[in-house]
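Chains A and B are the protein sequences, given in the same order.
Last residue of the first sequence: number 254 in our numbering, and the count goes up by one each step with no gaps.
Last residue of the second sequence: number 254 in our numbering, and the count goes up by one each step with no gaps.
Bear in mind the hints are in silico, worked out from the structure with no lab data behind them.
Even for Gly, the Cβ is constructed at its ideal location relative to N, Cα and C.
Among these hints, one or two may not hold up.
[Unchecked claim] Taking beta-carbon pairs under 8 Å as the criterion, some of the chain B residues facing chain A (in silico):
id	residue
1	50
2	52
3	55
4	71
5	74
6	78
7	82
8	93
9	95
10	143
11	145
12	170
13	221
14	225
[Stated by the list, open to error] No farther apart than 25 Å at their CA atoms in a straight line, the calculated lysine-lysine pairs in the BS3-like style are these:
id	chain 1	residue 1	chain 2	residue 2
15	A	148	B	18
16	B	18	A	133
17	A	228	A	-3
Number of protein chains: 2
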Amino acid sequence: MKQQLSIIKIGGNIIENESELFKFLDLFSKIDRPKIFVHGGGKKANQVLEKMGIATKMVNGRRITDAESLDVAVMVYGGLTNKKIVSKLQSLQCNAIGMSGADGNSIHAHKRPVTDIDYGFAGDVDGVNTNLISNLLKLELSPVFCALTHDQKGQLLNTNADTIASELAIGMSTTFETTLYYCFELNGVLQNFQDKNSVIKKIDSNSYESLISEGSIANGMLPKMQNCFHALKNGVKEVRIGNLGLFEKENTNYTTLVL
Amino acid sequence: MKQQLSIIKIGGNIIENESELFKFLDLFSKIDRPKIFVHGGGKKANQVLEKMGIATKMVNGRRITDAESLDVAVMVYGGLTNKKIVSKLQSLQCNAIGMSGADGNSIHAHKRPVTDIDYGFAGDVDGVNTNLISNLLKLELSPVFCALTHDQKGQLLNTNADTIASELAIGMSTTFETTLYYCFELNGVLQNFQDKNSVIKKIDSNSYESLISEGSIANGMLPKMQNCFHALKNGVKEVRIGNLGLFEKENTNYTTLVL
């Protein structure tokens, strides 16, 4: 029987709120099995860009990672946010180790090809170094991944944190029985976006299609759900979406996704 | 017989010069034994402080690490510089992993006590997690340490990179036959500071005392040499000081320090 592994991605709004972040880190540190943490950067990168007088480049409403923005992403995601999380986890007796995809060649990617838009230094994941990450877990380390990968040719790449979490979960599911958690400010996937208590408890492939056609899954939730089902179709056992209550015993108010 | 280990610290002037840095990284990647890389931050942190409009605090000519400066140090040393080095080493088939002292609880320290000067978030090293670092080396990883430690209570600390290198060398010498390299822009310790070819080939405890009284070792070199002899007195086999030629075969133009 495969050992269980939890891969947990937390959203930017939790990262930015120190008391919420510390509450989460406390819950994370108490998970008594192999675990991996994935974080995005929140708005801190925007603040640093602004302070440094670097304009945020947008094309068709989408942010472009030029060389200067990439440097700031590496500083904020890979440096400030990642090391603060790691040092806080260490104080909670969780032996965390901060990682980008370049560290240990853990996640390799390629620069997104230029089509009608040139996204700049944005990475699409090619693969996960399951062997290296398994070895770190065997040392009882808890890897903390920021949203950066590399192309194995010396180029760092800005990469969507939801995607990093699902690709890690897919890669690790060859060795572990993997559950993927997306933890954010909402209680789960909502039937009615204006009613925070309308959590849909369970979504499978069939009800997923219905929810899309009903319009319950839209906007920011759509790519997240696509990541979830991509993970489920590729070996991940279960995906859970909810707020910090995901990690509290007795709580069942979250969304579970299965095939 | 203990296995050999090389611990190599490079100076800020090499970090700042991309062609020198890449030349060094190429030489480092070719070292065919367990190896650890330690880097400071160079002037990039000052540039970021300036761009962000954060004043550098100085007391009695010494820089003070206040909370804002620490954040910038964490961004630049732990993020930008460290991850760029790691991704470049990966492109050279060297399986590098970036580390601060918080990662894997690898180097723990305490905030320097306030005496006549309050240095702020400056760390004095208490110990090295030899077991964790040995395990990473067994996985054929090459740790790349930036100049940051932590206090195990959630506080990151800015720490002198020369000190990190010597403390790592001392800690690892319980398990490995450790050679410590300080690599910078000069050919070695110079008899006459104005003659770059006046390299002193060998310094031992006796000649060290004479050189100090003659004034050959002064200014920036003095704390570096103190770090070297501290390391030698605590189990490190040999220290070498020189430029990139330290890692080129046939070259003997550098300073070797022994007890």
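Checklist line | chain A contact restraint on residue 74 of chain B - CB to CB distance below 8 Å | finding: Hint on residue 74 of chain B: holds, closest Cβ of chain A at ~2 Å, below 8 Å.
Item checked: Pair hint residue 228 of chain A and residue -3 of chain A, alpha-carbon separation not exceeding 25 Å -> holds (18 Å)
Next item on the list: Double-check residue 78 of chain B for me: the hint is only fine if its C-beta lies closer than 8 Å to a C-beta in chain A.
Entry: holds (5 Å)
Margin query: Please check whether residue 225 of chain B passes as an interface residue: C-beta within 8 Å of a C-beta belonging to chain A.
Written below: Violated, because the Cβ-Cβ distance from residue 225 of chain B to chain A comes to roughly 26 Å (cut-off 8 Å).
Next item on the list: Could you check if residue 143 of chain B really has its C-beta closer than 8 Å to a C-beta on chain A?
Entry: Residue 143 of chain B check passes; min Cβ-Cβ to chain A is 7 Å, inside 8 Å.
Next item on the list: Go through the hint on residue 82 of chain B and say holds or violated, using the shortest Cβ distance to chain A against 8 Å.
Entry: holds (4 Å)
Check: Under the criterion that the straight-line Cα-Cα distance not exceed 25 Å, is the pair residue 18 of chain B, residue 133 of chain A satisfied?
Finding: violated (35 Å)
Note to self: Quick check on the hint: residue 52 of chain B CB to chain A CB, less than 8 Å?
What the structure shows: violated (18 Å)
Next item on the list: Verify the interface restraint on residue 221 of chain B: the C-beta must sit less than 8 Å from at least one C-beta of chain A.
Entry: Cβ of residue 221 of chain B sits 28 Å from chain A, so the hint is violated.
Next item on the list: Identify whether the interface hint at residue 71 of chain B stands, where standing means a beta carbon of chain A within less than 8 Å of its own.
Entry: holds (6 Å)
Checklist line | residue 170 of chain B as chain A interface residue, shortest Cβ-Cβ below 8 Å | finding: Violated, because the Cβ-Cβ distance from residue 170 of chain B to chain A comes to roughly 16 Å (cut-off 8 Å).
Check: Holds or violated: is the Cβ of residue 93 of chain B closer than 8 Å to a Cβ in chain A?
Finding: holds (5 Å)
When each numbered hint is compared with the structure, violations occur for hints 1, 2, 3, 12, 13, 14, 16.
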